[in-house]
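Novice: From just these sequences and the hints, can you work out the full model?
Quick note: the sequence shown, position 230, residue 231 per our numbering, numbers continuous.
Each hint should be verified, as a subset may be incorrect.
[Stated by the list, open to error] Ranges between beta-carbon positions, derived for each pair:
hint, residue 1, residue 2, range
1, E17, P228, 30 to 40 Å
2, S259, R208, 32 to 42 Å
3, L18, S270, 42 to 52 Å
4, P27, E256, 44 to 54 Å
5, P27, D51, 20 to 30 Å
6, S270, L190, 38 to 48 Å
Read the hints as simulated data drawn from the structure, not as lab findings.
The C-beta atom is built at its ideal place from N, Cα and C for all residues, glycine as well.
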Amino acid sequence: MDSDNLLGQFLRARRELVKPEDLNMPGGDRRRVSGLRREEVAMLAGLSTDYYVRLEQGRERNPSVQVLEALARALMLEDDAIAHLHQLARPVPARGRRSTRSRRVTPGLLRMLNNWPHTPAVILDRCLTVVAHNPLGEALFAGHTYSGDLMRLVFLDPDARDFYPDWDRVAVNTVAGLREGAGADLNDLQLIEVVGELSLKSADFRRLWARHDIRQKTRETKRFHHPVVGELTLDYESLTINSAPGQQLVVYQAEPGSSSEHALFLLGSLIAAETPEAAKAADPPAHRD
Numbered sequence: 002m003d004s005d006n007l008l009g010q011f012l013r014a015r016r017e018l019v020k021p022e023d024l025n026m027p028g029g030d031r032r033r034v035s036g037l038r039r040e041e042v043a044m045l046a047g048l049s050t051d052y053y054v055r056l057e058q059g060r061e062r063n064p065s066v067q068v069l070e071a072l073a074r075a076l077m078l079e080d081d082a083i084a085h086l087h088q089l090a091r092p093v094p095a096r097g098r099r100s101t102r103s104r105r106v107t108p109g110l111l112r113m114l115n116n117w118p119h120t121p122a123v124i125l126d127r128c129l130t131v132v133a134h135n136p137l138g139e140a141l142f143a144g145h146t147y148s149g150d151l152m153r154l155v156f157l158d159p160d161a162r163d164f165y166p167d168w169d170r171v172a173v174n175t176v177a178g179l180r181e182g183a184g185a186d187l188n189d190l191q192l193i194e195v196v197g198e199l200s201l202k203s204a205d206f207r208r209l210w211a212r213h214d215i216r217q218k219t220r221e222t223k224r225f226h227h228p229v230v231g232e233l234t235l236d237y238e239s240l241t242i243n244s245a246p247g248q249q250l251v252v253y254q255a256e257p258g259s260s261s262e263h264a265l266f267l268l269g270s271l272i273a274a275e276t277p278e279a280a281k282a283a284d285p286p287a288h289r290d
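Specialist: Printed below as a string of structure tokens:
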């Protein structure tokens with residue numbers, strides 16, 4: 002994976018996504034570029050065209066904070082993408098980076114997950130591989146070829162478009178979350194493996210990866226078509242784990258009293274009937290006098 006000019010790659014990709022009419026600029030059918038021209042970005046950012054071209058080509062590597070903020074405005078970047086832009090311009094030295102391949106989950110965190118018998122929860126690494134889950138979290142994604150790998154589930158699993166009724170939105174957000182998690186470190190071996198395989202096997206992934214969308218996984222409402230309990234609409238919250246940088250805890254909840262909440266209870270009762278450990282975790286604690 003080419004990491005020599007990440008800043009230029011990002012600027013070029015984002016420039017191609019901004020339409021002139023988005024900025025009240027004349028468009029026209031004779032434009033030879035899909036988005037803004039380089040000279041248009043330079044004008045909007047108050048830069049010389051030559052300087053901007055050198056940024057895209059990697060011949061200028063030290064833009065000031067003011068220049069980065071001006072480019073962010075010109076390219077209509079949102080907060081996560083702005084933070085990524087600054088990170089690309091000032092990457093952390095390799096010796097200061099932590100490995101993204103750490104899969105260790107502390108016993109206390111696992112115990113906390115298992116104390117939520119009615120709440121699906123999973124722990125993901127930077128490449129959205131499931132490194133831990135509670136029984137209901139496992140059951141939510143069970144039954145697929147890639148149940149333990151959300152990137153491959155979205156783009157390679159034959160059931161993905163049935164499982165995710167809003168697949169197009171899920172795909173965009175999943176790739177944007179992968180780029181955000183990777184940051185400026187695109188030489189991580191796990192990431193290279195994931196991106197390489199998906200680029201080879203999925204045209205949809207290649208198209209979305211080339212957009213350089215950046216979006217942190219925080220909270221969202223997501224629809225599922227579960228193979229056992231049917232339609233589910235769940236809200237999730239994604240929480241960073243300070244003791245394991247790069248890992249995130251994702252917790253799913255249904256609206257109280259909704260059909261999705263009843264479906265989750267049904268799913269929980271089914272796995273409790275099959276697994277004695279899950280049944281024990283689902284029982285309320287005994288009261289002591």
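Novice: Each of the hints needs a verdict: does it hold here or not?
Specialist: Cross-check of the supplied hints:
no. : hint                     : result
1   : E17 to P228: 30 to 40 Å  : holds (39 Å)
2   : S259 to R208: 32 to 42 Å : holds (35 Å)
3   : L18 to S270: 42 to 52 Å  : holds (46 Å)
4   : P27 to E256: 44 to 54 Å  : holds (47 Å)
5   : P27 to D51: 20 to 30 Å   : holds (23 Å)
6   : S270 to L190: 38 to 48 Å : holds (42 Å)
Consistency note: the structure conflicts with none of the earlier hints.
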